[in-house]
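Novice: Starting from the known structure of chain Y, fit chain Z onto it as the hints suggest.
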Amino acid sequence: MTGGATHLYVHIPFCASRCDYCDFVSLTDHLDQRKRYVDALLTELELERELLASELDTVYLGGGTPTLLEPELLRALLERLPAAHELTVEANPETVTPGLAEALVEAGVNRVSLGAQSFQPHLLDALGRRAGPSDIRRAIETLGEAGIDNLSLDLLYGIPGQSRRDLGADLDEALASGPEHLSCYELEAKPGTRFSHDHGADLLEQAEVLEDHLELVVERLSASGYRWYETANFARIEPGRDLRSVHNLGYWRGHDYLGLGIGAVSTAADRRWRNAPSLSRYLAALERGEKPPRETEALDEATKLRERLMLGLRLDEPLAIAELESVLDRSALERFVDLGLVAVEGGLMTLSRRGRLLGGAVSSDLIVWSEDSVAA
Amino acid sequence: MDQNKIRNFSIIAHIDHGKSTLADRILELTHAVAKRDMREQVLDSMELERERGITIKAQAVRVQWKGHELNLIDTPGHVDFSYEVSRSLQACEGALLVVDAAQGIEAQTLANAYLAIENDLEIVPVLNKIDLPQADPEGTAIEVAHLLGDQPEHVLAISAKTGQGVEAVLDAVIEKIHAPSGDLTTPARALVFDSSYDQYRGVVAFVRMIDGSFSRRQALKAMALGTEFEPEEIGFFGPGMTPVETLGAGEVGYLVTGLKDVARLRVGDTITTVAEPAAAPLPGYKEVKPMVFAGLFPTDSDAYPELREALEKLKLNDAALLYEPETSQALGFGFRCGFLGLLHMEIVRERLEREFDLDLLVTAPNVAYRVKTQAGAELEVHNPAEMPDDRDEVLEPYIKATVIVPKDFVGSVMELCNDRRGRFDHMEYLSEQRVMLIYELPLGEIVLDFYDQLKSRTRGYASFDYDLSGFRPGDLVRVDILVGGEPVDALSLILHKDRAYDTGRLLVERLRKEIPRQMFDVPIQAAIGSRVIARETVKAKRKDVIAKCYGGDISRKRKLLEKQKKGKKRMKQVGSVEVPQEAFLAVLKLDRGKK
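Top to bottom, those sequences are chains Y and Z. What the first sequence shows, in our numbering, is residues 14 to 389, in sequence order. What the second sequence shows, in our numbering, is residues 3 to 597, in sequence order.
There may be inaccurate statements among the hints.
[Claimed, not checked] To be clear about the criterion: a stretch of chain Y counts as covered by chain Z if any three or more of its residues have a C-beta under 8 Å from a C-beta of chain Z, and this derived list gives those stretches:
hint: 1; stretch: 223 to 229
hint: 2; stretch: 265 to 276
hint: 3; stretch: 280 to 289
hint: 4; stretch: 322 to 332
hint: 5; stretch: 370 to 382
Quick caveat, the hints were computed from the structure, so don't treat them as lab data. Glycine is no exception: its CB is placed at the ideal position from the N, C-alpha and C atoms.
With the rest of the complex left out, here is chain Y:
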């Protein structure tokens, strides 16, 4: 892409403890390596800087738990990262102290994504989260007091033992604090996590309940003045402000992005690469001044178009059909139009509400995959 990537992701893998359902690259020991890690991140940034545009739209510090870095170290890192219009940091509620909040604001952070997940003690327990409901409430308050005026809350549904009432209560409580943004995810039980092992049977049984849950989330948040702008993301509608996550919109619109840190993924110049998840190999490589070990995937034009279609259909924005013609199954499109799942107008296609609730199956069918012959 001309001018280089305008989105930068920085991965901080450290966690105080590992949540049972998590499949991200996270490390619960090696806290003593935090300084070395930050140095390595900055070295990697230098090595890749030519891929970045001179001016960035967004920087996103994710994890892991970025706020597990000591405030000084966090501040030092943030100060050495390039400036951006949107600077987001993920935080876990129990790590949010007035001191941390101030440090973030001082370092230019203007958006915080807080991993609340739930406000129900028994559900937080089931997830193996360290924070209790009061920690979450306190964190929201503290961040607001420090001047963070763009807060996103993460909520989970489909937690074993979660009733429709529980979910309703979580949505009520989240809405009461009036966050600018909400991300609501169905709990994905990845094979191999401790969680799937412990709750496998429950998870299978609740498939139908999950349908209710997603509908409830969409209905309640839409009715409360939030825009369902992406499959799992909602932004408060506020005149004069677009509260959608600019960073994540970058992914969904197919922009290039640079990812730093272990396990981080970058997509730039027709390639996608993922850094190896090993901390020791990452540190060793960068301390020698070399790029870390990584796996690279070449992205040809058709693959990029398929991803555009797949990601674009997650958004509530219309997609231009002409650009995607070569990977779009026309007969499937017609079928979905007939079923009221997709609307086509003026060369643009938009998913209906039901189409979005079935977005996975719809995009899977709409995309012409490599070995497909388009059905006659």
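Specialist: Chain Z in isolation, oriented as in the chain Y frame:
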């Protein structure tokens, strides 16, 4: 060879009573096969036969014993192949009736014994497996003697496994079975009792010389079809192919015809010489007609040409197999195949999958119906989808079923037979413990799961055999299944009117569970004509999303969606509904026994 020194015989037995083991022992004892070369069960040459312990194709082996030439003509053990048994028996003067001394007479023992009696064969009764601790030679001998109207002490007792008593069996063959009595001076006549196809040498005919003789390079002629050929080789199986210069009256052997087209030589035909043709052919065989039909479809529709080729090849060695192209809206291009019975169907399916590496979808089997239309036309219907609406009368095939069970199970067998529209004929105690039940049943009632039900209700003790007994009118209806409003031809069934409602309901319930939820409601209906008799709905799914998708997830989620699409490609499209292949087997899995 002097005909007086020739004996032609078969071994007939219920499955697993030791026919092949006895054949092996005979070959060993007569040095036809050296002990070290002995593969177990030499006569069963097909891999599948060996595994299933059944013999499918008849073969003939010549052995020497005490100055005599004995021709052992192997027969298939199962009822589905009774026409082959009867063919083989026509080439013989006698038969060894082998009965497991621990099991006693079973259904196929009877069926085979009756066939032998019909063919005027001398029967030599043999009790096998007397070495087993649970063997009851005295009791079984009484049963067998009773069946044959003979004395129990005339029944030979052997162990084919250890070889005990086998010499006496060979002696009895010479003593009791009479020699062939062909006329050496009249024009030659030979009965083709079987054939096989060799890809290099063409059709190989297995023949029994009745009158006269053949020699190599003599012009021969098949009388019914008029096909003329000059055999490249004539000989006998010893057990390998052994060429000879002549085959004379009473002898059994083979002719390598060189014919490349199997259709030009029919089993049952009479072969004579061109130079001096016989005046009349031998009485032929009654042509067998397949009674059980099913659609065979490749799961991958691209494999249709391979399926056709495989069927052509199978047909070369299995004349009874019938196939005609069939197009199903639901399953695409395939073949409607006719089989002699359920086992035949099972064996064909297995051979297609195993020897030709095909993945097949087999529809529920049905029987052949004879239909009279209101316009007065008569037709035979092999496919429920083709059952005409303007039918005046439908005749369905009936069988005479023989079931032998320990007496404790008589009640549950009768219940099953009554449930399947059976008509009790009679019952007989074979011994104090064992009972033979004779029922008349519509064949259509047994093609689905009768045998499984019988086995499970009798804890595996029942033996079962049947003979076609004719066609009778039945109050039959066609039940159609509609998925998403579209009739699915491959799921149509012909059922007795009284069963239609229950079966229809079971079937739609079953299908509801097999068809995954789609992006819209899918009604599943069972209907007779335009009247819906049962209905279920597969509710539309309301959610199918990938919850989370950020920069680090994109490749993985893309692959996930691609995989999801590939999974769908394995399904069959009925209208706009994606139906998994398994759903088409739902009808086979209807557990009608459990209510």
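Novice: Look at each hint and say if it fits the structure.
Specialist: The hints, checked one at a time:
Counting residues of the stretch 223 to 229 of chain Y whose beta carbon lies closer than 8 Å to any beta carbon of chain Z gives 4, which reaches the threshold of three, so the coverage claim holds. Using a Cβ-Cβ cut-off of 8 Å, 4 residues of the stretch 265 to 276 of chain Y lie near chain Z, which meets the minimum of three, so the contact claim holds. Coverage of the stretch 280 to 289 of chain Y by chain Z holds [criterion: at least 3 residues with CB-CB distance below 8 Å; count 3]. Three residues within the 8 Å Cβ limit are the bar, and the stretch 322 to 332 of chain Y against chain Z gives 3, so the coverage statement holds.
Residue count for the stretch 370 to 382 of chain Y with a Cβ under 8 Å from a Cβ of chain Z: 11. That meets the three needed, and the coverage hint holds.
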